[in-house]
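Residue numbers (numbering that gives the first Met the number 0), protein chains in the order written: chain A, 0 to 239; chain B, 0 to 239.
Any given hint could turn out to be false.
Treat identical chains as interchangeable: a pair holds within one or across any two.
[Said to hold, decoys possible] Simulated pairs of lysine-lysine, DSS-like, Cα-Cα distance not exceeding 27 Å:
| hint | residue 1 | residue 2 |
| --- | --- | --- |
| 1 | Lys164 | Lys104 |
| 2 | Lys164 | Lys103 |
| 3 | Lys181 | Lys69 |
| 4 | Lys218 | Lys104 |
| 5 | Lys62 | Lys237 |
| 6 | Lys234 | Lys104 |
| 7 | Lys45 | Lys15 |
| 8 | Lys142 | Lys45 |
| 9 | Lys45 | Lys236 |
Derived by calculation from the structure, the hints in this document are not laboratory data. Note that the coordinates shown come from a computational prediction; the quantities given were computed from them, not determined experimentally.
Below, each chain spelled out in residue letters.
There are 2 protein chains.
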Amino acid sequence: MVLIAREFFVVLVEPKYSGNVGAVARVMMNFDFSNLYLVNPCELDKDCFSRAMHASSIIENAKIFDSFEKAIKDLDFLVATSSVATDSEKKHLRKAILVEDFSKKILEVDGRIGLIFGREDFGLYNSEIEKCDLLVKIPTSEKYPSLNLSHAVCITLYNLYLSLKPPSLKTGRRLNHVEKEKLFEFLSLLLDEIEYPEHKRKNTMIMLRRILGRAMPSKWEYHTLMGILSGTIEKIKKMK
Amino acid sequence: MVLIAREFFVVLVEPKYSGNVGAVARVMMNFDFSNLYLVNPCELDKDCFSRAMHASSIIENAKIFDSFEKAIKDLDFLVATSSVATDSEKKHLRKAILVEDFSKKILEVDGRIGLIFGREDFGLYNSEIEKCDLLVKIPTSEKYPSLNLSHAVCITLYNLYLSLKPPSLKTGRRLNHVEKEKLFEFLSLLLDEIEYPEHKRKNTMIMLRRILGRAMPSKWEYHTLMGILSGTIEKIKKMK
Chain A
0 MVLIAREFFV VLVEPKYSGN VGAVARVMMN FDFSNLYLVN PCELDKDCFS RAMHASSIIE
60 NAKIFDSFEK AIKDLDFLVA TSSVATDSEK KHLRKAILVE DFSKKILEVD GRIGLIFGRE
120 DFGLYNSEIE KCDLLVKIPT SEKYPSLNLS HAVCITLYNL YLSLKPPSLK TGRRLNHVEK
180 EKLFEFLSLL LDEIEYPEHK RKNTMIMLRR ILGRAMPSKW EYHTLMGILS GTIEKIKKMK
Chain B
0 MVLIAREFFV VLVEPKYSGN VGAVARVMMN FDFSNLYLVN PCELDKDCFS RAMHASSIIE
60 NAKIFDSFEK AIKDLDFLVA TSSVATDSEK KHLRKAILVE DFSKKILEVD GRIGLIFGRE
120 DFGLYNSEIE KCDLLVKIPT SEKYPSLNLS HAVCITLYNL YLSLKPPSLK TGRRLNHVEK
180 EKLFEFLSLL LDEIEYPEHK RKNTMIMLRR ILGRAMPSKW EYHTLMGILS GTIEKIKKMK
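Next comes chain A alone, as it looks inside the complex (with noise of 0.2 Å):
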């Protein structure tokens, strides 16, 4: 087995306002990076820190370069990322993987990769995107493309971070078959005691199963309608 060492650097390319480096630096920690590379950076000031909420150190930690060819120095892999990217195929420089697709095909890749956003107000220089191995397209309303800086790198690590870590839920045990036609034989009994129509009653044994089916009650959801239910028929009978 070949072992994949791989490590993601979060490259912000002359950055103007400090907040919006502290908000990269928290939505980082949310989703498990930690490594910050800042070109020419805005002054790191209060507000910076204060939008970086716990995570501080990241900021701390982050490493200042004042040349971009400086900093993709050590790194191995560069992806661009932007909004905007054409669908000309004559221009090689702009062409442009969506996101999505792009972190399934990064854990292909090994090595110190970077992952480079640009300015807030003028994004990348087509000098900049010419460094780097692809370029990555955040999907985005035509009318108005441009993401915050900090929400482009939100939806970049979001995407990274289900690729890398998928999450899941526990949702419990599901019922099984005897369970689920214990269920309808109850929800049967009670259009029984409550003297359903006969004619529209098949129609509407469906309409349970299917809202049931679609709403995939756990074990312990089970026991709780189960309980209602026959609490339900117990009290009808009684009250004949």
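Take the given structure of chain A and dock chain B to it, following the hints.
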């Protein structure tokens, strides 16, 4: 055919920082959402509008309510959002589904759908979550799950945008079989011309096929590559 009328409302419950409200408005416009409901918001000052950028109309048209109950009164389906959810089966209140699954499931729902986001510091109260039809969890690092408000909105709307309007990039027509074989014929001719060692040849040709397979060049890229290859082969032939 049944037409589904589905409208989304972003509901911010007691937002404290006006910059966050502005950032939320901007990201709403980035993903083609426009209805903003605010429950007891902070003052919508200069900071709010400067962060909203071109989305100031969303702020100007936002509906303001003085209680959560009033805000949700005309909404048909309520979705609470959280990056903190429980795994316990017994706590129905905080049982959640993942935001990507939610974005697919919501395509079955019509009506006025409220996406409810809680306070920056305390999130949503249990009494508010109780009134919601669904709790949606945004997957994050367990070490630092607390997302900035506008980042939480950003990821939720991004996922909905992908489901509602699946994006695609025109990638151009791919190579057909004849073009592909022509390319490998030229690569093979090049190996001839440079007297590439016979015993390494087969493996190298396979490697080239794999590289181009992964790169999936378009028609235009193909013509450029063929131009380079034929130019190189001609050049070597002439020099002989």
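### Task
Against the structure, test the hints numbered earlier, and report the numbers of the ones violated in rising order.
3, 5, 6 and 9
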